[in-house]
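Peer 1: As they're listed, the protein sequences go chains L and V. Under this note's numbering, the first sequence has 247 at position 247, and the numbering climbs by one with no breaks. Under this note's numbering, the second sequence has 119 at position 119, and the numbering climbs by one with no breaks.
What the hints contain is simulated information worked out from the structure, not anything from laboratory work. Computed from a predicted model, the values in this text were never measured in an experiment. Beta carbons: idealized from backbone N, C-alpha and C, even for Gly. Some hints here could point you the wrong way.
One side of the interface only, derived from the structure: several residues of chain L facing chain V at Cβ under 8 Å [stated by the list, open to error]:
1. I160
2. E208
3. P221
4. A232
5. Q233
6. G236
7. T497
8. I499
Just the calculated beta-carbon pair ranges, DEER-fashion [to be verified]:
9. L/N215 to V/N151: 46 to 52 Å
10. V/P64 to L/G21: 22 to 28 Å
11. V/P64 to L/K332: 48 to 54 Å
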Amino acid sequence: MVIYGMFFGAHQYSTALIKDGKILYAIENERVTRKKHGYSWFESPKASYIAIEKATGIKFEDADYIAISDPGQFRYDLGMYNNSPDKVANYYFWKQKIKDFNKPIFAFEHHQCHAAVGYYLSGFPEKTLIVTMDGGSNEKNYTTVWLGEKGNMIKVHQNIEPLEGSLGCIWFELCKYFGYTPVKDEGKIMGLAPQGKLNQDFYEILNEICRYQGNLSFSTPHNFPVADWAFAQCEGNGFFDNEQKKADIAFTTQKHFEDNIIPYIKDLKARFPKYTKLVMSGGLFANVKANQKINEQCGFEEVFIAPPMGDEGLSLGAAMLASWKLGEWEHKPTKDVFFGLEYTDEQVMDAALKFNVKAKGKYTNDMEFVISELTNRKVFGIFNGRFELGPRALGNRSVIMEATNRYNHSHLNQRFGREETMPFAPIVLTEKAKEVFDIKSSEFAAEFMTLCYNVKEEWKEKIPAVTHIDGTARPQIVKQDVHPVFYNILCEYDKWTNIPVLINTSFNGHGEPIIDTPEQAFTHLEKGSIDYLIINDMLYARN
Amino acid sequence: MLEINWPQVNIKYHDYFYGPFVEVRTSEAEKWGNFFIRFYEVIGDRKELVDQKPINGNSWYETPRKFYTKWYIEVLGFQNNKIVKIGEDTFDLYKKKVAIWLQNGYNNILDINFHLDSISVIEEFTNKHKCYVTVVSDFSPSLSSSNKNINFIPMLTADEARASYYATYKIGVYANEENFIKLPWDDLKTQPVYNSNKIYYDNLHPRNVIKLNLTPMEIARDILFGFDHNDLSYNNYYQATKSILTSKQIWIL
Chain L
1 MVIYGMFFGA HQYSTALIKD GKILYAIENE RVTRKKHGYS WFESPKASYI
51 AIEKATGIKF EDADYIAISD PGQFRYDLGM YNNSPDKVAN YYFWKQKIKD
101 FNKPIFAFEH HQCHAAVGYY LSGFPEKTLI VTMDGGSNEK NYTTVWLGEK
151 GNMIKVHQNI EPLEGSLGCI WFELCKYFGY TPVKDEGKIM GLAPQGKLNQ
201 DFYEILNEIC RYQGNLSFST PHNFPVADWA FAQCEGNGFF DNEQKKADIA
251 FTTQKHFEDN IIPYIKDLKA RFPKYTKLVM SGGLFANVKA NQKINEQCGF
301 EEVFIAPPMG DEGLSLGAAM LASWKLGEWE HKPTKDVFFG LEYTDEQVMD
351 AALKFNVKAK GKYTNDMEFV ISELTNRKVF GIFNGRFELG PRALGNRSVI
401 MEATNRYNHS HLNQRFGREE TMPFAPIVLT EKAKEVFDIK SSEFAAEFMT
451 LCYNVKEEWK EKIPAVTHID GTARPQIVKQ DVHPVFYNIL CEYDKWTNIP
501 VLINTSFNGH GEPIIDTPEQ AFTHLEKGSI DYLIINDMLY ARN
Chain V
1 MLEINWPQVN IKYHDYFYGP FVEVRTSEAE KWGNFFIRFY EVIGDRKELV
51 DQKPINGNSW YETPRKFYTK WYIEVLGFQN NKIVKIGEDT FDLYKKKVAI
101 WLQNGYNNIL DINFHLDSIS VIEEFTNKHK CYVTVVSDFS PSLSSSNKNI
151 NFIPMLTADE ARASYYATYK IGVYANEENF IKLPWDDLKT QPVYNSNKIY
201 YDNLHPRNVI KLNLTPMEIA RDILFGFDHN DLSYNNYYQA TKSILTSKQI
251 WIL
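Between the sequences and the hints, there should be enough to build the whole structure, so can you do that?
Peer 2: Below, the structure is given as structure tokens:
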């Protein structure tokens, strides 16, 4: 059976294609449109659908089933919004396609798809508690809890408007007062947190806006407007006046989030004690610091966070649910999340010709040179196979550099024109991961860079570029069969330096989505963001 | 801590015509910034948010939600780096001043029978809530002579009501040429709007109103005591291009 999964939502539109229980593609629009998160109504997943149709030749009308996340969103009256002609055209494009589709359409609620993408990618066979949490949904719920067993999911709890509020609204609204973009830059606030200290007044204000009040319930219904009002008052009273004050607000917000989310998850664990595995999904679980504490403190044997934890995962979640219901989905752990487009060697060579660069040969033939240049503070772009689904660059559209120099963080930021406060994440050889990081559980999650761990004391000074001020890091555990380029380079680098760790940051410029095409990679090589590019195993250097 | 005068919050329930009225008055608006009003419906032991609105000092807001809501309203301010509650009210008529208008007309002829029939229901209402009721009626001299427990006056302007009364109700029926008791906005595509002591009509009529054939006492009882009902969204109704009514509905203004 061929199933197209679609997400029509407020942002992070995406399309997925599953055939006979196997994921063929899952792509977020931003990779194709180059517009980060596509943060506007009714942009629709048209661009990602067309990319998949082009790659597979499978048309919408050829699918056996369509699975839609957030169908209610699609039904919104266009007249309610001042839409551009493009968006209106997109809407009618889909309306006609869905009208003409004479086969069954599955419709799933927003949080059901969040839960599904986390649970089915985890493949946990044991009794699994699935928690989803974000800023809200078309169904007006913020948080849902599901019990998963052998692939079946049952919803057992939800927090819903107009009775309860959402912790997500705090991050969303706060972005505006930091000069950041909501839904996109919340991670920057989290990254800034360790540089601040507690602002007790602000903590109490956050408690007024939303807090966990026990019994699986959150206070203050529909709290986006009250958060916006409260933060405007804070701004008027100088809470955001300088960088240190902003860092204090970030610290306080992170602490407030952890102080509320951890008791909530603990209460869930107490209520469902037989459920030993935890899957988390939804935008709020992009918070790797909170994920770390949940992993350490909430009593689960293993925690897994959906690698596409945001709304970009919903189309895949919908398609997975449909596939499960049709009896085709096999519930087992995913090997990777490389569900994006890939480019042939010919396409790469065509792009290289356009940029007038020549390959030096296979990178594996000159490993000594690669390692030598890495130790000379050179920056390597890695472009390999299919791109990832989700916000993390996991090795196929990544940039690597040495982690031994603390100034490499600002150096890379400068090269890419970024203003990141969060330190870069490390990649580490799977065999050496526990030597460097304090990993006691949830190693599988660490393959997807969704959890922080403490860096072992003796390693903090050796890898300062990836060690946060609070002594944590967000490692990606690298396996030979999943991340061959990373693995080969790390092995060789470790032989030379006795350090099995390198910086891994996403391959994109400031404010851009992670790159998609070889041309975009060569552009970065040409303008000097990177010194070398390894693309489909071939090594290119700047002219 | 800076010396600052606490704002004055007025919360009134005016005939449910526009929903609760909340006003914040302060002589130090610049020190207070914006205020935030939250309107809740109390359902058992929980509160369900109905509406919320930030407002400036020395301004007011009326929520669109109207009849038969057990209101809890809170007004938040921001002072000394803290969110503070500067006013709140749970709708309760106990020992409050309440004004009730009695209004009717039949081919421009006032009918005292409607007023007389309503009085017993108003007495019952007064006893239930132990509130101080003033009835506004064109027949106030005649009615006051036979009902000593209720205060009657011939006229009360909306401004006077807003200033002096905690809650106000309007009870009225109009009859057409066929002597069919009906609501005045029934087929006129209008509803009455009160401005001082004059009545005029505004084009705000909902579609497909079902005619009621109620006695004056039934009308007075429904308005003063309420009845089981489901709310339709005011905004959805007016934005709909065709009627969203799927069953019998009672439209209350």
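Peer 1: Please go over all the hints and tell whether each is borne out by the structure.
Peer 2: Verification of the supplied hints:
Residue-level restraint check for L/I160 is violated (minimum Cβ-Cβ distance to chain V is 11 Å; threshold 8 Å). The closest approach between the C-beta of L/E208 and any C-beta of chain V is roughly 5 Å, which is under the 8 Å cut-off, so the hint is satisfied. Annotation: interface hint on L/P221 holds; nearest CB of chain V at approximately 4 Å, less than 8 Å. About 7 Å separates the beta-carbon of L/A232 from the nearest beta-carbon of chain V, less than 8 Å, and the hint is met.
With a least beta-carbon distance of about 4 Å to chain V, the hint placing L/Q233 at the interface is held under the 8 Å criterion. Below 8 Å, beta-carbon pairs count as interface contacts, and L/G236 has one with chain V at about 5 Å; its hint therefore holds. Proximity of L/T497 to chain V is violated relative to the hint, the smallest CB-CB distance being about 50 Å (cut-off 8 Å). A least Cβ separation of about 47 Å between L/I499 and chain V goes past the 8 Å threshold, and the interface hint is therefore violated.
Range check, L/N215 to V/N151: Cβ separation about 48 Å, and the 46 to 52 Å hint holds. One distance hint, 22 to 28 Å for the beta-carbon pair V/P64 and L/G21, is violated here, with the actual separation near 50 Å. Look at V/P64 against L/K332: about 53 Å separates their beta carbons, and that is inside 48 to 54 Å.
When each numbered hint is compared with the structure, violations occur for hints 1, 7, 8 and 10.
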